[in-house]
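Visitor: Those protein sequence lines, which keep their order, are chains A and B.
Going by this note's numbering, the first residue of the first sequence is number 1, and it counts up by one from there.
Going by this note's numbering, the first residue of the second sequence is number 1, and it counts up by one from there.
These aren't lab readings, by the way, just hints derived from the structure by calculation.
Each hint can be trusted.
Cβ pair distances, simulated, as ranges:
no., chain 1, residue 1, chain 2, residue 2, range
1, A, Met5, B, Asp179, 54 to 64 Å
2, A, Val294, B, Leu69, 54 to 64 Å
3, B, Lys254, A, Asp177, 31 to 41 Å
4, B, Arg9, A, Gln205, 51 to 61 Å
5, B, Pro146, A, Leu299, 35 to 45 Å
6, B, Lys297, A, Ala253, 54 to 64 Å
7, A, Asp177, B, Glu76, 46 to 56 Å
8, B, Lys250, A, Asp239, 57 to 67 Å
9, B, Gly133, A, Thr235, 53 to 63 Å
10, A, Glu268, B, Ala273, 48 to 58 Å
11, A, Asn287, B, Gly133, 27 to 37 Å
As a list, the in silico DMTMM-like pairs of lysine to aspartate or glutamate whose alpha-carbon atoms are at most 25 Å apart:
no., chain 1, residue 1, chain 2, residue 2
12, A, Lys123, B, Glu288
13, A, Lys250, A, Asp271
14, A, Lys22, B, Glu127
15, A, Lys100, B, Glu59
16, B, Lys250, B, Glu237
17, B, Lys114, A, Asp177
18, B, Lys22, A, Glu59
19, B, Lys254, A, Asp115
20, A, Lys123, B, Glu60
21, A, Lys114, B, Glu60
22, A, Lys22, B, Glu130
23, B, Lys250, B, Asp177
24, B, Lys254, A, Asp119
25, B, Lys250, A, Asp115
26, B, Lys22, A, Glu130
27, A, Lys36, A, Glu76
28, B, Lys114, A, Glu285
29, A, Lys123, B, Asp26
30, B, Lys22, A, Glu127
31, A, Lys254, A, Glu285
32, B, Lys123, A, Asp271
33, B, Lys123, A, Glu288
34, B, Lys123, A, Glu59
35, A, Lys114, B, Glu285
36, A, Lys114, B, Asp115
37, A, Lys114, B, Glu288
38, A, Lys114, B, Asp177
39, B, Lys22, A, Asp119
40, A, Lys254, A, Glu295
Source: prediction; values computed, not measured.
Just so it is clear, CB atoms sit at the ideal spot from N, CA and C, and this is done for glycine as well.
As a plain string of letters, each chain reads:
Protein chains: 2
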Amino acid sequence: MSNAMPRLRGILSPVLTPFNSKLAPDPGRFLAHCRKLIDAGIGLAIFGTNSEGNSLAVEEKLDLLAYLLDNGIPAERIMPGTGCCALTDSAALTNAAVSKGCGGVLMLPPFYYKDVSVDGLFKNFAEIIERVGNAKLRLYLYHIPPVAAVPISPELIERLLKAYPGTIAGIKDSSGDWDTTEMLLRNFQSSTFDVFCGSEVFLLQTMRGGGSGSITATANTNAPAIMDLYASWQTPEADEKQAKVTATRKIFAKLPMIASMKAVIARELNDPAWAMPRPPLMPCEPNEVDAVMVELKSLGYAY
Amino acid sequence: MSNAMPRLRGILSPVLTPFNSKLAPDPGRFLAHCRKLIDAGIGLAIFGTNSEGNSLAVEEKLDLLAYLLDNGIPAERIMPGTGCCALTDSAALTNAAVSKGCGGVLMLPPFYYKDVSVDGLFKNFAEIIERVGNAKLRLYLYHIPPVAAVPISPELIERLLKAYPGTIAGIKDSSGDWDTTEMLLRNFQSSTFDVFCGSEVFLLQTMRGGGSGSITATANTNAPAIMDLYASWQTPEADEKQAKVTATRKIFAKLPMIASMKAVIARELNDPAWAMPRPPLMPCEPNEVDAVMVELKSLGYAY
Numbered sequence: 001m002s003n004a005m006p007r008l009r010g011i012l013s014p015v016l017t018p019f020n021s022k023l024a025p026d027p028g029r030f031l032a033h034c035r036k037l038i039d040a041g042i043g044l045a046i047f048g049t050n051s052e053g054n055s056l057a058v059e060e061k062l063d064l065l066a067y068l069l070d071n072g073i074p075a076e077r078i079m080p081g082t083g084c085c086a087l088t089d090s091a092a093l094t095n096a097a098v099s100k101g102c103g104g105v106l107m108l109p110p111f112y113y114k115d116v117s118v119d120g121l122f123k124n125f126a127e128i129i130e131r132v133g134n135a136k137l138r139l140y141l142y143h144i145p146p147v148a149a150v151p152i153s154p155e156l157i158e159r160l161l162k163a164y165p166g167t168i169a170g171i172k173d174s175s176g177d178w179d180t181t182e183m184l185l186r187n188f189q190s191s192t193f194d195v196f197c198g199s200e201v202f203l204l205q206t207m208r209g210g211g212s213g214s215i216t217a218t219a220n221t222n223a224p225a226i227m228d229l230y231a232s233w234q235t236p237e238a239d240e241k242q243a244k245v246t247a248t249r250k251i252f253a254k255l256p257m258i259a260s261m262k263a264v265i266a267r268e269l270n271d272p273a274w275a276m277p278r279p280p281l282m283p284c285e286p287n288e289v290d291a292v293m294v295e296l297k298s299l300g301y302a303y
Numbered sequence: 001m002s003n004a005m006p007r008l009r010g011i012l013s014p015v016l017t018p019f020n021s022k023l024a025p026d027p028g029r030f031l032a033h034c035r036k037l038i039d040a041g042i043g044l045a046i047f048g049t050n051s052e053g054n055s056l057a058v059e060e061k062l063d064l065l066a067y068l069l070d071n072g073i074p075a076e077r078i079m080p081g082t083g084c085c086a087l088t089d090s091a092a093l094t095n096a097a098v099s100k101g102c103g104g105v106l107m108l109p110p111f112y113y114k115d116v117s118v119d120g121l122f123k124n125f126a127e128i129i130e131r132v133g134n135a136k137l138r139l140y141l142y143h144i145p146p147v148a149a150v151p152i153s154p155e156l157i158e159r160l161l162k163a164y165p166g167t168i169a170g171i172k173d174s175s176g177d178w179d180t181t182e183m184l185l186r187n188f189q190s191s192t193f194d195v196f197c198g199s200e201v202f203l204l205q206t207m208r209g210g211g212s213g214s215i216t217a218t219a220n221t222n223a224p225a226i227m228d229l230y231a232s233w234q235t236p237e238a239d240e241k242q243a244k245v246t247a248t249r250k251i252f253a254k255l256p257m258i259a260s261m262k263a264v265i266a267r268e269l270n271d272p273a274w275a276m277p278r279p280p281l282m283p284c285e286p287n288e289v290d291a292v293m294v295e296l297k298s299l300g301y302a303y
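Extracted from the complex, chain A is given alone in its bound form (with noise of 0.2 Å):
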């Protein structure tokens, strides 16, 4: 089966999903957000990590996915994660995601167990993509060694793209080390594997290095910034918007990410039920957003 979609490259964000008061996922909050995000060009990696996804159950992914598609949020424009410790969880996601027309999957290894063999970690994902069983689908590894303490190995993804050439679709590299990313970049980036650096922060260095783009938590919080720093990157300005967009995210890193983005995002809408990150995540103090905010301001957004 041929695979007409266009693919998804340039920016993408985990989104970040807003909670209500019982703690539950706020499909409303969730879709305005998505659609701001899509307006601005953006990708939307939905139950990423910062998305807290795992935080989130099998069904209540299912429902939100549903939710942005009933509401005419383009399938070809999201890329949710489906990466679970439980195959059968990640080949439900991921079946929903493909037979809903969704533009690929972003997948992380299965997380509980560490120290696993290449030989095991391969055998899920070719599990993973048997179960599914359609040409359609488009598989992103997701590597992001910090938080699942699981990797993917260069040695797993050449054995997947042997074995599944026209699924295995890219790799998101979290690792935090451009020297990681720019290992990937010289062994897979290809019309068909598209490398995307984990923050922004390395967004020029991937353009440079051929890559296909970013897959970003604070897209979330600076989209036209990030979009403007990808659109010209070529320009002679794409150094100092670099210099501009890796300050601003050192600033939301401050405090812990989700947290922070969550808090700003209730402060500029005015909006408190938007702080709130399901546990075991937690809200930031007030007065820690107060630092985070003028620090914002002092960088020109109007927040």
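Dock chain B against chain A, hints included.
Guide: Chain B alone, transformed into the frame defined by chain A:
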């Protein structure tokens, strides 16, 4: 509400989960293995680490639990693992376990995010306890930093015990480190808080320190000897028995434990299907199992 149910003490096993050729849980083999353990006096810590509990979807776990109960396994001898990354999943599993009369639940902390605050972990457990809202709940904390990479700190135990004194019922210490077990015994062991060592290697030390027993993988394959050690820990022969039990575990641990125990059961029952774990875990190579069998026989085991 009073809770007259007998407390789970002594030896429990994180029951191995057999899979069929399609990698689905095999309820018939699971039931037979549970019956064998119950007959040997072992409590059933189903859905633990060595059960590949996190490689199972919530629905798969609910189905297996219901199957055991429908087939006469006594609920009060079951302590299912119910701690997931999503508190909605943890609450659903815990609610099912308590409403069916399980003797307790063994709860991992949410293990995707690392370096989370004690506040956030407290709120996770508190939220689950409140959602379940059943005074019959006995919640055993599961401390296994080598795998979960999210510890249960003494501060967290103190706060939970203060907030939910009738509910927080004990801890399984799988730190692999006697100093930690000893600290837990000294600070927390009581008539309403049971400290279990996570390996029978520490069983004699745990009992001599006033502890309640062990929740240990190798009870799947060495139940009689471990039960005998437990029953006779105050006798002069105890140290000798401990030495043999410890030596036996070390044989299994020469290979990845889950796969090696499954392989030995497959040999013992002449049932090759038993040997298969679910990815990302992989079965042992036959020649590796041969070597384990030789060593077990040299210790006098008739597998």
